[in-house]
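Mapping the sequence shown onto the working numbering, position 22 (from 1) lands on 22, and the numbers just tick up by one.
Calculated from the structure, these hints are not laboratory results. Beta carbons: idealized from backbone N, C-alpha and C, even for Gly. Keep in mind that the hints are not guaranteed to be accurate.
Simulated restraints on C-beta separations [to be verified]:
no., residue 1, residue 2, range
1, N24, G88, 21 to 31 Å
2, I226, G197, 50 to 60 Å
3, K59, D111, 53 to 63 Å
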Amino acid sequence: MDNALYVGLSRQMTLRRQLDIVANNIANADTSGFKAEQALVRTEPKAPARTVEGPNPIKFVIDDGLARDFSQGPLQITNATFDLAIEGPGFFRIQTPSGERYTRDGHFRLDGTGRIVNQAGQPLLDAGGAEVIIDVQRGPVEIAIDGSLSQGIEQVGRLGVVVFDSLSALEKVGANQYRNTSNAEPQPATGSQIRQGVLEGSNVNPILQVTEMIEVTRAYESLARIMENTQELSRRSVERLGRVE
Numbered sequence: 001m002d003n004a005l006y007v008g009l010s011r012q013m014t015l016r017r018q019l020d021i022v023a024n025n026i027a028n029a030d031t032s033g034f035k036a037e038q039a040l041v042r043t044e045p046k047a048p049a050r051t052v053e054g055p056n057p058i059k060f061v062i063d064d065g066l067a068r069d070f071s072q073g074p075l076q077i078t079n080a081t082f083d084l085a086i087e088g089p090g091f092f093r094i095q096t097p098s099g100e101r102y103t104r105d106g107h108f109r110l111d112g113t114g115r116i117v118n119q120a121g122q123p124l125l126d127a128g129g130a131e132v133i134i135d136v137q138r139g140p141v142e143i144a145i146d147g148s149l150s151q152g153i154e155q156v157g158r159l160g161v162v163v164f165d166s167l168s169a170l171e172k173v174g175a176n177q178y179r180n181t182s183n184a185e186p187q188p189a190t191g192s193q194i195r196q197g198v199l200e201g202s203n204v205n206p207i208l209q210v211t212e213m214i215e216v217t218r219a220y221e222s223l224a225r226i227m228e229n230t231q232e233l234s235r236r237s238v239e240r241l242g243r244v245e
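Let the hints inform the model, and build the full structure from the sequences given.
Pasting the structure below:
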């Protein structure tokens, strides 16, 4: 019976982790460029807690990481000059105090020094890795689908949008940003287009996520009842053995 409780506890731990991920997906259903996540689990054979009949070990349920859906989110027209969306694969380059970061969140603005920055004040980088700076005296900014920035007839820069050979190289670091954990350098996203005055919405499906939350909650509660019944059965067995002696 101890083995059943340990296996049940291992599954409860992964269900709690799964519930946290689903709750985070729902909380970010309206976050620009957010990508839905899914918990991964696996079974791992282990020796039983005590000797039991049979040659096979028991199998515990183990947290096996996180899967992320990088598919395109819906495009939402805002008509704001510095709201940008990437149509196709790729990420904007952002300079942070911890190094270069990557994001699909194109909700940018102009700060007091003329830099294009995100809502946290971190600058957007151009194709060469430099900050994008705008002289507002030259007139309104137009951003073409290839990322080039123009004021009037003069091109004043080009945004840096990059892709990775393997998305597994990206690690989420918070604030809807990722860092490159590999030694491979990102490459220009030549096949993608930038839309000005548009934001990419989250690709989270709230209905599916709420349904999954209900399923996970029910599974957790059902498992808790099974474990309680197992404990009660073990207690009664001990009491009966005591009376026999």
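Hint by hint, here is what the structure shows:
Distance hint check: the CB atoms of N24 and G88 are about 26 Å apart, consistent with the given range 21 to 31 Å. Against the hinted window of 50 to 60 Å, the Cβ-Cβ separation of I226 and G197 comes to about 54 Å, which satisfies the hint. Distance hint for K59 and D111: a CB-CB separation of about 55 Å, consistent with the stated range 53 to 63 Å.
Checked against the numbered hints given earlier, the structure satisfies every one of them.
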